[in-house]
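Chains A and B, in that order, give the protein sequences.
Take the first sequence: its letters are residues 36 to 367, numbered as in the numbering used here.
Take the second sequence: its letters are residues 18 to 375, numbered as in the numbering used here.
Simulated from the structure, these hints should not be mistaken for lab results.
Ideal placement from N, C-alpha and C gives every residue a C-beta, glycine not left out.
Be a bit skeptical, because a hint or two may be false.
What the hints assert, rightly or not - List time: in silico DMTMM-like cross-link candidates among lysine to aspartate or glutamate, alpha-carbon distance up to 20 Å: (1) B:K76 / A:E213; (2) B:K96 / B:E134; (3) B:K203 / A:D71; (4) A:K72 / B:D206; (5) B:K76 / A:E218; (6) A:K62 / B:D275; (7) A:K72 / B:E267; (8) B:K76 / A:E205; (9) A:K72 / B:D270.
As the list claims (entries may be wrong) - Quick look at which bits of chain A chain B covers, simulated, 3 or more residues with Cβ under 8 Å: (10) 180-194; (11) 270-279; (12) 293-303.
Claimed, not checked - Here are some chain A residues pointing at chain B (derived, C-beta under 8 Å): (13) D71; (14) V89; (15) A210; (16) S343; (17) G347.
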Amino acid sequence: MRILTTLDPLTRPLLFILVTAIDGILKPIQRRVGIDKMGYFFVLPNLLIFGIFVLFPMLLNLYYAMTGGTKLFPADRPFVGLDNFATLFDCENFSQPNSCQEDLFWRGIFNTIQFVVFQVSGIVLFSLITALVLNQNIVARGFFRSVFFYPVLLSPVVVALIWKWILQHEGVLNAILELFGGESMRWLLDTNWAMFWVVFVSVWALMGFYTLILLAGLQSIPPELYEASSIDGANTWQDFRFVTMPLLMPTMFVVLVLSLIRAVQMFDQIFVLTGGGPGTRTQLMVQYIYTTGFSNQIQLFGLSAAASMVLGVSLLILTLLQLRLGNQSSLA
Amino acid sequence: MQADRISIGQFLSRRSGGKRVNTADALTYLYLTIGTILMFGPVLWLVASSFKTQAGLVKYPPPLLPYQQVQVDVEGFDKPLPLYTVTEEDGTVSELAQVRRVGIEAQMVDPAEPGAERIKVNIRQREPVEEVKLAWENYLDPLIELENFDFFTYLKNSVIVTTFATAITLVINSMAAFALSKYHFKGRDAIFVLFISTLMIPITVILVPVFLVITSIGWKNNLWGVIIPGAATPTGIFLLRQYMLTIPDELLDAARIDGASEWHIYWRIILPLARPALAVLAIFSVMWRWNDFLWPLIVLSQNDYFTLQVGLNAFQGELQIQWHYVLAMTVVTLLPITLVFAFLQRFITTGIATTGMK
Chain A
36 MRILTTLDPL TRPLLFILVT AIDGILKPIQ RRVGIDKMGY FFVLPNLLIF GIFVLFPMLL
96 NLYYAMTGGT KLFPADRPFV GLDNFATLFD CENFSQPNSC QEDLFWRGIF NTIQFVVFQV
156 SGIVLFSLIT ALVLNQNIVA RGFFRSVFFY PVLLSPVVVA LIWKWILQHE GVLNAILELF
216 GGESMRWLLD TNWAMFWVVF VSVWALMGFY TLILLAGLQS IPPELYEASS IDGANTWQDF
276 RFVTMPLLMP TMFVVLVLSL IRAVQMFDQI FVLTGGGPGT RTQLMVQYIY TTGFSNQIQL
336 FGLSAAASMV LGVSLLILTL LQLRLGNQSS LA
Chain B
18 MQADRISIGQ FLSRRSGGKR VNTADALTYL YLTIGTILMF GPVLWLVASS FKTQAGLVKY
78 PPPLLPYQQV QVDVEGFDKP LPLYTVTEED GTVSELAQVR RVGIEAQMVD PAEPGAERIK
138 VNIRQREPVE EVKLAWENYL DPLIELENFD FFTYLKNSVI VTTFATAITL VINSMAAFAL
198 SKYHFKGRDA IFVLFISTLM IPITVILVPV FLVITSIGWK NNLWGVIIPG AATPTGIFLL
258 RQYMLTIPDE LLDAARIDGA SEWHIYWRII LPLARPALAV LAIFSVMWRW NDFLWPLIVL
318 SQNDYFTLQV GLNAFQGELQ IQWHYVLAMT VVTLLPITLV FAFLQRFITT GIATTGMK
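Just chain B, same shape as in the assembly (with noise of 0.2 Å):
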């Protein structure tokens, strides 16, 4: 492994052609440089505050990194005392832990002598002693007791609306393309119009009539609900139908003299062919299903069928609102999206640039 030693001043300023930096280089690594400070920085801000305690939380100007109060164990008490730096009216600077306060005043007890007589001290005299420590109890606490953010419900509803939407999802539309790129049927081109035309029309603009049609089924407050009208989705269709142009009809007609069902065939030979174009339109689909949030907001009215999106919603909207757990549970919530894009990244830009959806 020899490799061509550069220092990195000479590796960052590297150019095809050998050339060296100039002006022009320089403004585009500054906009670089700003830009992933904008882009990146208010994520990194929501994950370090998420790690501060309540306490933590209300402090401002806001520290950086997550400090909390140090809590000693002293003999004697049962529970872990917090503890202070005090300095006396003549100056001497100590580290004791309070027991309780009364008043302005404090009592305090010196941690290496707790036999000792408690120390009278006032509370302008003390500041808190700080170390970085995370706050472990935001992410903690929601997942077994709060009473009015049930997360493991929410999480459970989310994962089956994205799974089962993105399976049926998959499956029909794939079916579909099939039909309209290697079939020669009546209405054909028809249908295919009749999809595609729909490519601009949002579900906001049918909202009331779908409810309709979803309360008659009874599907309100059902995941079902959330999970079939959008499922057959008009960009799905053209991006597979587009795919499976490319497949050679040859394949076919050859499957077929060897007796393949047109079944068969779909199932054989033009799914896993498609596979590419199917991949693009799954990470499209568990994108769009684990986002949504106007429609499911209007299915489900009950706590126990939302999804993390609607759950989080309403749980930021309560009248105190609780940061702590905001904050934690709002970084749960794009864990999931953050690590499909880290292991599919190259996926999901080129098919992107490929097809121009989202």
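Here chain A stands alone, though its shape is the one from the complex (with noise of 0.2 Å):
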């Protein structure tokens, strides 16, 4: 803080004199073009960066997955057509990764459709029911919610580091399970109980976020309705049934679009916990692209752009799949 107000004397006169350069040179432009046109200028700088960054991208990204090697820029890589497409998909059996050209490709996107399945139902289920919980009234709201929400803030590599220590052979979970009689267990090595313990981290740290987008939607319910049912002797499960599951519908939708486009992209923390194993068990479909394009010895940028556009195009079927949904169920 006194660092800040120490340099406040002399950032005040730089800001002002800033300020003050940029009207002056706008002023005659906005006195030639007029009031209207200075939306230009004023949307300019984020329309630069934008089609920088994101625009011009989004359109060479289709070129790289159509060119082949291993040179970045895009004069030096021949033109294939759709020849990484045909990697990709160069299958003898689809349901059989093995039998699959690019197997770890289809052992992602496997990997990743079970992961999305599991999170996303673990994501809705407990952060309704805490939703549910929190809206009633209860001492210390406050606190409670700030509990269930604080995972949220924490990074994914930090998240990762606190749950590989939790779960090392020698950690704490197994004490505790020694101490009840249980068995010890290499929880981040077994094949079994890798992918369970991805997805319960992934929902520990996300689910207060859509606990509290759930709250908000049910903290809209006017409670001149749970009146009303009382009145007509409603219960507790008729009041959750014919009142609030309905109205809060809405807002469920959001959750599920949101945690489902997200649960697709999953990849930091899982990258950190397992590195993907054991052996490719939890590796999903974006690690593929990072690996294939970026930590691999040979750097196959095409190969990694057409699975990231096989990436994008999947996302974009959820979201216009779950726009026509939510259109229906609005209309309903």
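Put the two chains together into one complex, using the hints given.
This is the structure we're talking about:
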């Protein structure tokens, strides 16, 4: 704080000079083009960065996906048409990742589907229960709300390290299990358990966010409706089923959309927690994109770009599907 | 201050309408208790573990608190000696300091009589004397002397990325949101739709071409390469635009009549009035940038440019994980965000609840 106050006499005049200078440049322009065209000026910086770092790359990605080789600059890359996609989809049997040329890609897809299904249902279930609990008349609601929300703020690297430490073979979870007569496990090296923990940890880290959204949805339900239903003699379950659920549906839908789209892009937490292992058991799609393009010795940018387009298209389909379903459910 | 005096039990079981606790309430509090343990427990365990010594960390089952062996100063020895409880064969128990160990035999000395002859003890007969003591060296060593973990560099990089990115995002997003909410120019709606349509397109989908752009500019292994690509966030534009729409146009017209330029209106009227929305965006941006991992991992490949997250990942990925340092540095990394949360909690929770953004 002291640094800020000592800097203040310095930054204030500097800022003033900067703002006045911009004003001096803009005034004549404004006189010439008129008020409404000044909108172009205000939107320009954002549009420039957006154009260079989002829009242009989106188009360029298409080109990358159709070129081969290991060079980064497009001019050095031979055009190969749809070869990259053919490589990705070269499978004898699509239900058997082993039979594919890029078996890691297909394993990634299968793992992603599995992860998404379990993680999204876990998030929806637990954030709904937590929101319902927090919406009651409880002591220290603010405190409990913070408790469930706190992990949301932690970085994926930190979250992964916290759980890696707990789940290691000589870790506290095994110690507690042995205390109660259980057997210790190498949780993250066990093919059956690794996926469970990857899902568990990401539900742990993210559910507070969705709880908060659902809580806002619950609080927007007018209390008069519950008064009316209690006059009609409804019990708690009927309250939930016929008042809460229908009115919470739009919010639930938002939760579903956001959590689905984010689950498909899952990367960092798992990357630090298991590195995609044991073997490739928890390697998801984004990790394939990263490994193929950036961390392997031979950097196959074309294949990576093609895989990322598959990811982009699946995200697009999910979004459109949900928009459609959303419209239907709001009509019903 | 004559408040109503009630017992703790009554306080905890107090409900609106003066009713007493029932089973549903009991279940509610059970859920909250288990939830609190599950949500906070792991973080507390991390903090507790980070204060254990390297030797303390390998103990299994792990003790709850950080214990260390007691060291005593004995006359005639330069360094403090470790203290042990020795149980002799005849059952007598004494506390002795170990001078050195040879094979299975330890040479001990009684700290009360440093001049006396060395006592030879079988190492199975001795148990270390321990006390609760915080291993601050886990925190201090990485700050000064760890070869492959340059904490201050990473911290500096993280702070630079977070502050510059947040400042740039706030300025360009608020300018764009101002234009999109208060001006009528050709193509305005098209630009808005263009921005918003990328809300659901993450950088993961365009990693390779953005990497090319960064490399062409010469921003590989440069913090600008991390700062700029994510600066034009559609989330921020959406949030600020919705807020600015609620600012009445008459206010701007009045200022124009008084002769204010458009830039003046933006700087003197719009920005101060949009402060609540700007605060929410600032908090989000700090959170995004501080925690960002995948993109910095790709752009920054040299140790000198690592951010804390990337550095921490590299450090924990070494062949021999030095858990005592990793845990301490993890605590340091989560500290700023925890402080931000503690002070700005209300902003964050209401911000998320009203916008549905993270």
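Broken hints, numbered, in rising order? 11
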